[in-house]
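Protein chains: 2
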Amino acid sequence: MNILKVELGSRSYPILIGAGLLRQPDFFREHVPARDVLVVSNTTVAPLYLDALSEGLRPRRIVEAILPDGESHKTFTSVGRILDVLVANRFSRDCTVVALGGGVVGDMAGFAAACYQRGVDFVQVPTTLLAQVDSSVGGKTGVNHPGGKNLIGAFHQPIAVIADTTTLATLPPRELRAGLAEVIKYGLICDPGFFDWLETHLDELLAGDPRALAHVIYRSCEIKAEIVGRDERERGDRALLNLGHTFGHAAEAATGYMKWLHGEAIGAGLLMAAAMSSESGFMTSAEVDRVRRLIERADLPTRIDGVSPEVALDHMRIDKKVRGGRIRLVLMGKIGDAFVTADYPEAALTRTLEAYFGL
Amino acid sequence: MNILKVELGSRSYPILIGAGLLRQPDFFREHVPARDVLVVSNTTVAPLYLDALSEGLRPRRIVEAILPDGESHKTFTSVGRILDVLVANRFSRDCTVVALGGGVVGDMAGFAAACYQRGVDFVQVPTTLLAQVDSSVGGKTGVNHPGGKNLIGAFHQPIAVIADTTTLATLPPRELRAGLAEVIKYGLICDPGFFDWLETHLDELLAGDPRALAHVIYRSCEIKAEIVGRDERERGDRALLNLGHTFGHAAEAATGYMKWLHGEAIGAGLLMAAAMSSESGFMTSAEVDRVRRLIERADLPTRIDGVSPEVALDHMRIDKKVRGGRIRLVLMGKIGDAFVTADYPEAALTRTLEAYFGL
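Protein chains in written order, with numbering that gives the first Met the number 0: chain A, 0 to 358; chain B, 0 to 358.
Keep in mind that the hints were calculated from the coordinates and are not lab data. These figures come from a predicted structure and were not determined experimentally. If a hint is listed, it holds; no wrong ones were tucked in.
According to the in silico footprint, chain B covers these stretches of chain A (three or more CB under 8 Å from chain B):
1. 86–92
2. 115–128
3. 320–331
Ideal Cβ placement from N, Cα and C applies to all residues, glycine included.
Chain A extracted, bound-state conformation (with noise of 0.2 Å):
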């Protein structure tokens, strides 16, 4: 087993990342010590390991909130959901939360621990490779609005993120993909030497190779934990972590939350933003084909059919970080170097926009 911690003071925790951790009862009582625990999970995954949690935190009260799998269903219904289960069973302030699942699970169950009683314990048990490397790290909890992704929440922190990578095993193929593009996210971001380790190694990763994704698996994490330690609230360098999220999340909230998994919108918003350097001039071409290159070979989506350029950027428009009416981008100069700025050609945001929408 590896440990990583996010080093964020009095909210500090660790990451436990190895594979079986679920069938090891022990583990989860020493990591889970409220007397009371609401396990929030879907209709997917709580078949598949439910009764291995729920064995492992025995002999506390188990309660369990099952949602319907999907991002349609991260919205704020469901979390009134899940605190009406919460009320019901009369759990008090020292209960914990904890999320059996993917990233709509974490971010709903996060959310909704975050909310009851103004805040209560929380642990995450990602199931997913996206969940896994990315949304269960970091205490960005909350749900979709029809008019835009992930625009009611909270920062909360969990006590612990425990990711046995085991899990993966039964993970459906286009889920691993989905993943994988939040993966190809951080060699971008500050990385290249993790980029040209993913060129080299995709094809074990696609495989389910537990070696190569046991590796991404942790880097993603440290990186991921680092930058949050350095700015939990999302002041600055954080935002580095949204790269390819504003046009992601146009594409999703476009089309629903039905169309694409959250990973495959990324997918695709990961090479915009790299044309979107390149058109404003901080990016090579050549750097631009080599992350098309990874996309295509990941089987991600490099284009969003059936939304128009126009209505993207009236998506783009209620991005969180947009900033006296103006929307700041994720950019890079080149491959491992992204920055956050507001300064590009306006007519480079249509060209790419144009290029990679369309009805």
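Following the hints, position chain B against chain A.
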């Protein structure tokens, strides 16, 4: 104008208390820097003060969210409606939410501000005595659940509290008396001299004397700011501010938030806390009588009819101060000396509930 400061490091903010502040346009321009402002108010307060506030905020873009009046509307669903208005108007993270009204408006507007884009600025403009002396200060935001009072919410500090004492001239007498319950609370918690002063000057307060009201608003905010500055997240002393609230919240929840104003329930709750302190051997019965007389003179309820002691106890079990299944209570050694304890005779609680609740 008097200015107090809540000292919370980077989240410090001023409480500005004075007559006629809403009629000073320049004043609001100074304290609401944002370009886009959402004013949250209710159908009672908006007709009285919204025009004046809007005048003070021009030329900002001002959008309004006007809610129905009353504690029974302080729900998760109502907060969802405020969030819908923010999204529909494409407000970005640099907007400000202004709460114009009493405690219900402030709690909901603050919770919406806490959740929108994971936190935007908000300003409290309290127009009731209860909001000016208590609920607008300290950053507790949230909504009720049918199962319990304020069970869902967030700690989210305002960037300023602007209390125009002139608004109290339009306050219905019932609301004024409800606010006095929270004022009496501060004397009971930690300031016996203030309690004496209230005994002497209660008639002036009930008559709406501006100087007397200005004094109690200032002193109440001063006590609250000091306690919140010491313990923002209620890990310790801040729970003292809950004196009377475990009993009062049970009375509110058991009557569907329809029968009693919050302050009225707290009036009865303060007397119950005193009686319980006496039953437990902490406080003399002579002091309980002083508390009873002041509550009676303020024309606040001294018992809760229509709720059985058993139902009241059941509601108390979901209080946010419960730990390990045990209800912690704020009790008093004497007037001006409150403390939090789980160490009281169970029989004393039973006797107190049987004396003050009944069908």
